[in-house]
Structures are given as C-alpha cells and as structure tokens.
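A.B. asks: Here are the chains, one letter per residue:
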Amino acid sequence: MSKITVATIWLDGCSGCHMSFLDMDERLMQLAEKIELVYSPLVDIKEFPESVDIALVEGSVSNTDDLEKIRKVRTHARYLVSLGDCAVTGNVPGMRNPQGTAPMLHRAYHENATLQQGIPSRQVPALLPVVLPVHQAVPVDLVVPGCPPSADTIYYTLCELLEGRIPDLAQRTRFGA
Amino acid sequence: MTSIVTIDPVTRIEGHARITIHLNEQGTVEEARLHITQFRGFEKICEGRPFYEMPSLMARICGICPVSHLIASSKACDALLAAKPPRTGELLRRIMNLAQIIQSHALSFFHLSAPDFLLGMDSDPAQRSIFTLFSTHPQIARDGIALRRFGQHIIELLGKKRIHPSWVVPGGVSAPLTAEHREEMLAAIPDARQAVLRTLLWFEPSLSQYEQEIAVFANFPTLYMGLVTAEGGLEHYDGMLRFAGDDGAPIGADIAPQQFETCIGEAVEEWSYLKFPYYKPQGYPQGIYRVGPLARLNMVGKCGTPLADEWLQKFKAQHAAVRRSSFSYHYARLIEVLYAIERIEQILNEECILDTRVRAHADLNQQEGIGVSEAPRGTLMHHYRTDENGLITWANLIIATGHNNLAMNRGITQAAKHYITSADIPESVLNRIEAVIRAYDPCLSCSTHDDGRMALKVQLYDPKGTLLQEKHRQ
Ligand code: SF4
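Taken in order, these protein sequences are the chains called A and B.
The letter at position 42 of the first sequence is residue 42 when you use the working numbering, and the numbering goes up by one with no holes.
The letter at position 195 of the second sequence is residue 195 when you use the working numbering, and the numbering goes up by one with no holes.
Source of the hints: derived by calculation from the structure; they are not laboratory data.
This list has only true hints and no planted wrong ones.
If the Cβ cut is set under 10 Å, some of the chain B residues that face chain A in the computed set are:
1) THR6
2) HIS16
3) THR20
4) HIS35
5) THR37
6) ARG128
7) GLU270
8) TYR278
No residue lacks a Cβ here, since even glycine has one placed at the ideal position from N, Cα and C.
Taking the hints into account, I'd like the entire structure generated from these sequences.
C.D. replies: Laid out in structure tokens, this is it:
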C-alpha cells in the first residue's frame with residue numbers, strides 16, 4: 001500500500017507548532033512507516049506537490065506570500081488542518097490588527113533603527129492590512145487549537161486521520177496554553 | 001545583462017527566507033543576498049500591556065528557543081522590579097536555559113544539517129531529510145531525537161510544558177524543583193552525555209572531508225560578540241558583554257550588557273525585513289561581527305566542565321582557518337551540547353537547588369529595563385520602557401540571528417562566488433549555498449520578531465532590475 005502523503009506548512013507562526021510535531025520524538029520513526037512527508041520546512045522539496053492527502057498548517061495569514069501559499073495548498077491538499085492557535089484564531093500575530101501595520105513598521109524601521117531608516121519594500125512580501133486566521137482565507141477541514149497543541153494531540157490527530165476517522169479533540173486541546 | 005538567481009524557500013532552516021544571487025554581465029557572481037520575508041511587529045504589539053505579561057508574550061516570538069526569550073524578557077522585568085531573583089531561582093533558570101541550548105543545537109545538527117553530512121550535499125533533494133536518516137543511519141537519528149528529547153524533557157519537568165512554559169517569571173521562577181524531578185534529570189544525564197560524545201567521535205574526524213566547505217563557508221575574519229564570565233569563561237545567562245577580534249582576543253574592556261547600545265547600531269536594507277546590527281566603533285558595514293556557538297568558543301579561554309574543556313582544547317588546536325569558518329558552527333554546537341549536559345549536572349548537585357525560595361516579589365520600581373542572555377544562536381537583548389503603572393510604552397529587541405545578518409550575507413556571497421561559474425547552476429550548488437545559512441542555524445521566526453521565510457526559485461533580472469525570467473528549482 002502506498003503511504004499517506006503529509007505536508008506541513010509554516011505561515012506566520014513562531015514554529016512552536018512544528019516543534020511540537022517534532023516532540024513526537026521516537027513516534028516520528030513509527031509514523032514514517034505509514035506517512036511520507038512530501039513538503040515541509042524539514043525536507044528539501046521546494047514546490048508544493050500536485051496532490052497531498054493531509055496538510056497541517058501552522059500560523060496565520062499575515063502577508064501576501066502567506067495568502068498565495070495557503071491558496072495553493074488548499075488547491076492541492078485533500079484535507080487541511082489548522083494546527084495551533086495562530087492558524088485557528090490569529091493569536092499573537094493577530095494582536096497587530098487593532099493598530100494596523102503602519103505603526104508596527106514605523107517602530108521597527110524608523111524609531112528602532114540607527115542607520116538607513118526606511119520600510120523594506122523590495123523582494124519582501126507586503127503585509128496584509130489585517131492578519132487572518134486560516135479559515136478566513138480558505139476553507140479548513142479541521143481545527144486543532146493549542147499554543148502549541150501538545151505532541152500527544154498531534155499524534156492522536158494524525159493516527160485518527162490515518163484510520164479514516166475524524167478525531168474527537170474535545171478533551172485533548174488546551175486553548176491558549 | 002545582470003541576472004539574479006533565487007533560492008526560495010531556503011529549507012531545513014528555522015524560518016522564512018529566500019536567497020538571491022546577483023550575476024554580472026560576465027555571468028559571474030557580484031553579490032548574494034539573504035532576504036528575510038516575515039515581519040511580526042512584537043516591538044509594537046506589546047505596547048499598552050502590563051510588563052508581567054512580557055515573558056509569556058515574547059516567548060511567542062520563537063517556538064525553537066522560547067526559553068531564551070522567557071529569560072531575556074524576565075531579566076528585563078527583574079530590572080523593572082529592581083529585584084534580583086534568589087540564588088536558587090537563578091540556578092533553575094540557568095538549567096532551563098542550558099536544556100534549551102541542548103534541544104535547539106540537537107535540532108540544528110541532527111534534524112536540519114546532518115542530512116547534508118550523511119547523505120551528501122549532492123544527494124537527491126527528495127530524500128535529503130532526517131526522515132531518510134531513520135532508515136539509512138538509524139543510530140545517529142536516534143541520538144538526535146534522544147538529545148533533543150533530553151532537553152525538551154528537562155524543560156517540561158521544570159515548566160510543565162515543552163514549548164512555551166510560563167514558569168520563568170519576573171523575579172525568578174514560579175515553582176521550585178522537586179526532589180523527584182531532580183532525580184529523574186540526573187538519571188538521564190549519562191545517556192545524553194554518551195550520545196553527544198558518540199556524535200563528536202564521528203563528526204570531528206569527518207571534518208577532513210569538508211576542506212572545501214570549510215574554506216568557503218563564510219571563512220573570513222570578523223569580530224565576535226557574546227557574554228563571558230568575569231574570568232573570561234563560557235557564560236550563557238549573565239556576565240559581561242565582550243567584543244573580540246578574529247584571534248579571539250578582546251577588543252577593549254568588556255562592558256555591562258545593559259550598555260549594549262553604546263556599541264551596537266542597527267541598519268535597515270530595503271530588501272530584507274531583518275535589520276543589520278553592526279559594531280558602532282567600526283561603522284556600517286565594516287562593523288561586521290558574529291555571535292553564537294562559534295563566536296562563544298572563539299572568545300573564551302575555558303568552558304568550565306571537564307569533558308567540554310578537553311574538546312575545547314582540541315577545537316583551539318585546529319588551524320585558524322577552521323576556527324574562523326562558519327562551517328565550524330556545527331562543531332562548536334556539539335561542544336556546547338556536551339558542556340550544557342555537564343553543567344546541568346553540576347547545578348543539580350548544588351546544595352541549595354531544592355530550596356523553595358525561588359522568586360523575589362516586588363512591584364514596579366523602575367520604568368526602564370534591559371535583559372540580556374545567550375540564546376542558542378547568540379546574544380539576545382530585550383529592552384523595555386513602561387509608564388508609571390507598568391504598562392509597556394516601548395520595546396526594542398535585538399535577536400541572535402540579527403547579529404549574524406551581515407556575516408550570513410557575506411558568507412553566501414563568498415560561497416556563491418566560489419561555486420558559481422556560469423549561469424547554468426546545478427541544484428547541488430544551490431544546496432551548498434543554503435548550507436552556509438544552515439551553518440548559522442538562523443532562527444528566523446526569532447529574528448523576525450520584526451522580520452523570516454526560505455524556497456528555490458531562479459529569477460533573472462536585467463541591470464535595471466526588471467524581471468526577465470523565472471524558473472523554479474524542482
Ligand atoms: S500557536 Fe503558539 S506555538 Fe503555534 S505558532 Fe502560534 S504562537 Fe507558536
């Protein structure tokens with residue numbers, strides 16, 4: 001039987017959800033017998049594959065690169081999981097929304113810069129006016145809250161999906177913690 | 001015609017970035033640039049929030065080294081309280097910081113860079129990952145997983161959570177260590193020590209295979225910066241801030257970390273969200289310096305633990321070109337892992353380690369505070385100001401990877417000049433250029449507290465900067 005293909009995507013998050021994925025430790029070796037990680041910051045494939053069974057998305061949609069990426073992922077992934085509070089609610093990246101992007105950029109590149117003050121604009125993506133949770137950009141099939149969701153929760157979620165069941169996360173999430 | 005080659009995203013690094021390589025009319029490399037493409041705005045979103053929320057909020061800058069941010073942030077808050085944590089509180093913070101250095105260095109070495117060493121820089125990119133090592137090099141993969149788990153487990157025993165524990169707080173830590181957890185940590189030490197010694201024993205002799213990489217992976221003199229003890233030894237939590245020259249000898253007197261702004265300026269380039277810190281006395285961009293494991297080992301006379309000191313002597317006996325090459329970050333990282341394991345054991349054997357007084361309680365006593373500590377990737381600085389009620393009015397952060405920004409850019413330029421001789425560039429060459437970045441182990445979600453994202457895309461531009469052609473690396 002061919003392996004289930006899995007992708008992990010990193011949008012605007014702190015990588016903590018990816019680290020929690022790695023916190024599955026030795027269970028990663030067992031999982032590797034059933035799944036193939038076909039796209040991820042942890043592997044060297046640079047193009048999102050034509051078709052992926054499960055996509056785990058960390059982070060919110062905060063700039064034009066994120067938006068382009070998540071649309072592509074949605075087109076090519078059969079089952080899309082919002083992994084962690086940033087993907088689910090906007091969480092910490094979304095804290096900029098009440099003020100908008102201009103004061104953020106001004107603080108970093110004018111007030112807190114010594115030389116050549118100015119806002120980077122070449123070969124870097126523009127910030128979106130508001131940070132979006134993933135489901136506001138594309139349809140999402142499952143949300144897994146937590147900051148980050150624990151390795152046990154991620155392992156349980158993947159095992160259930162591999163068995164063709166929808167995971168029951170009611171008792172396994174820790175919102176905001 | 002000038003053209004630009006883009007690597008987008010750079011993979012097996014911790015963050016979001018792309019690399020562009022600028023070719024001149026002769027088709028040879030003019031310059032390479034690392035573009036950090038994420039911006040996060042932490043210096044502003046914290047405004048208006050109570051200072052005691054800062055450690056937990058600022059930890060969300062980075063899921064790889066959240067403990068570094070917890071510590072630098074809590075130290076800045078200690079300054080706001082004008083209170084010093086009790087000795088046991090400080091020692092416990094130190095243990096968590098060292099545990100984090102172990103897990104983060106293990107991630108960088110095994111999960112991200114070992115596929116290049118063990119499978120080869122020229123191997124099939126579809127296979128070049130830790131997941132392939134599970135079947136090709138299972139013992140090494142297991143050592144990597146075990147070392148990372150060792151660090152994460154200590155963090156969990158102390159803080160109840162592996163990622164984003166909220167246990168480090170202004171004034172100290174929120175709960176003491178239990179005798180049972182102390183035993184559990186001590187019991188895990190021998191295996192962890194064996195795992196890193198095994199790794200050093202295969203990695204160090206393999207350095208001779210990497211003469212070319214050592215020669216061109218950011219191999220040039222720069223300054224170094226980092227914290228040192230009063231005796232000039234290895235230090236990750238406190239101490240004095242030192243700038244040293246290429247030979248590792250200090251430049252001027254060490255300064256109090258709170259005075260970092262007298263020596264460090266931050267420049268902006270319009271093509272990256274990551275700013276470019278520089279050593280002010282030498283100006284920009286001449287004031288290039290490096291931080292992190294390589295810088296720390298090059299600057300100090302000793303580590304302070306027996307096995308790590310033996311390895312430090314071996315490292316110091318290497319040719320100057322080896323000690324200067326950013327390829328040697330990998331080697332330095334392993335020595336630091338060994339040191340951290342030994343040091344945790346020493347601290348766990350301190351008499352006062354189970355004391356229950358671990359936190360100083362105070363209200364706001366000062367409206368400005370600076371916290372500096374060594375993160376896995378280098379020196380981390382948090383600087384806050386508050387109003388009279390303790391609500392944050394301003395923050396500035398300088399993150400380890402930021403300090404290395406000038407050196408990363410110059411490093412990929414050096415490697416690109418060496419490897420690229422025509423516009424037809426094989427994948428393996430692009431992977432080597434990415435590998436220069438991996439050697440620095442940039443934590444781009446960190447560095448992009450303001451700014452981070454890495455892919456492989458080739459773009460050709462004309463001299464006016466108009467995009468002529470774009471192709472993706474497959
Ligand atoms: S949910 Fe939490 S752990 Fe995950 S990316 Fe966001 S801040 Fe990091």
